[in-house]
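Colleague: Residue numbers (full-length UniProt numbering), protein chains in the order written: chain A, 1 to 157; chain B, 1 to 157.
Honestly, the hints are just simulated from the structure, not real lab data.
Please note: incorrect hints may appear among the correct ones.
Said to hold, decoys possible - Some, not all, of what chain B presents toward chain A, calculated at C-beta under 8 Å:
#1 33
#2 88
#3 146
What the hints assert, rightly or not - Covered stretches of chain A, going by a simulated chain B footprint (3 or more residues, C-beta under 8 Å):
#4 90–98
#5 119–130
As the list claims (entries may be wrong) - With a Cα cut of at most 25 Å, we get these calculated SDA-like pairs of lysine to any residue:
#6 102(A) to 71(A)
#7 52(A) to 35(B)
#8 26(A) to 107(A)
#9 128(A) to 41(B)
As the structure is a prediction and not an experimental result, all values here were calculated from the model.
For each residue, glycine too, the CB sits at the ideal point set by N, CA and C.
The lines below spell out each chain.
Protein chains: 2
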Amino acid sequence: MAVLPPGYSIRRIEPRDYEEVVETLKVLTVVGDVTRAKFEETVEFWNNSTVKAGNAEIRAYNPHVIVNAEGRVVATGTVLIERKIIRNCGLVGHVEDIAVAKDQQGKQLGLLLIQYLTRLAHEAGCYKVILDCDEKNVGFYEKCGYRRCGVEMDHRL
Amino acid sequence: MAVLPPGYSIRRIEPRDYEEVVETLKVLTVVGDVTRAKFEETVEFWNNSTVKAGNAEIRAYNPHVIVNAEGRVVATGTVLIERKIIRNCGLVGHVEDIAVAKDQQGKQLGLLLIQYLTRLAHEAGCYKVILDCDEKNVGFYEKCGYRRCGVEMDHRL
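Build out the structure end to end from the sequences listed, making use of the hints.
Modeller: Given below as structure tokens:
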């Protein structure tokens, strides 16, 4: 069973994580010119976005980080919760933007973060949690308990 | 070029569309016990959910219907707009829950709805629009201007 290394923990992203989250996300793709103000505004927007789940209001955006024993951000990822009409006005979790710092590979941080976000989404009431990945990462996500179910397609201008 | 049949139009979902939208969605999957009250509450929640896009607030949920010349709902679909940190705090559109009434197939309503939602998302500022589909529908979405870019995976309890 995978467990976090001693001293590591998982928590929601906070505005003070600006530099370390931006640095961690660069492993994944182009981050671009994200200023501290834009980052903080985004985190504030995420914190204030809710979804109606039965009689409760839950958070739509659930961005998290894993921090190491020194409190440094070493991984990040999120799950966005969507409300539908189908499946009895069901909720679906979308796992997005999983990134692990290059010097932290091999510690199962990606697996632990996926499992954490997946559980969070199910406990919030999601009937399913989905994610899109490259063909080469299918085996990794299968280890996280996911199974192949469709094709992702995109449209760019 | 695909155009809507005479008298048909595309507009946002309204609370009064309850019965016809629920009926149309049954083509897609299990809708379940969605009462009028739950439907109306969901539409109200969708209408009030916003995303920060630069200095503007845009709608996060963009559920639409195509109605025929008699005003009956004959197709439905939505695009959810997500705010990220990557790509300069970029926006991504998620096209979801496209359904066309069985007796309306062959009129290119699915294609027209996808093109409409895709354009709406790009005009709102999305750098890409994505969707997940079955392998057998890849050719259809390619006609809509999409290309295969990854694998969809899911996790269910």
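Colleague: For every hint, state whether the structure bears it out.
Modeller: Comparing the hints with the structure gives:
1. Below 8 Å, beta-carbon pairs count as interface contacts, and residue 33(B) has one with chain A at about 6 Å; its hint therefore holds.
2. Using the Cβ-Cβ criterion of 8 Å, the hint placing residue 88(B) at the interface with chain A is satisfied: the shortest such distance is roughly 3 Å.
3. The beta carbon of residue 146(B) is positioned within 8 Å of a beta carbon in chain A (closest approach about 4 Å), and the interface hint is therefore held.
4. Residue count for the segment 90–98 of chain A with a Cβ under 8 Å from a Cβ of chain B: 4. That meets the three needed, and the coverage hint holds.
5. Interface restraint, the segment 119–130 of chain A with chain B: holds (5 residues with C-beta to C-beta distance below 8 Å; minimum three).
6. This hinted pair checks out: residue 102(A) and residue 71(A) have alpha carbons roughly 17 Å apart, not beyond 25 Å.
7. Taking the CA atoms of residue 52(A) and residue 35(B), the gap is about 16 Å. The hint holds against a cut of 25 Å.
8. Only pairs whose Cα atoms come within 25 Å are accepted, and residue 26(A) paired with residue 107(A) is accepted, the gap being roughly 19 Å.
9. Proposed proximity of residue 128(A) and residue 41(B) is supported: the alpha carbons are some 22 Å apart, at most 25 Å.
In summary, this structure violates none of the numbered hints.
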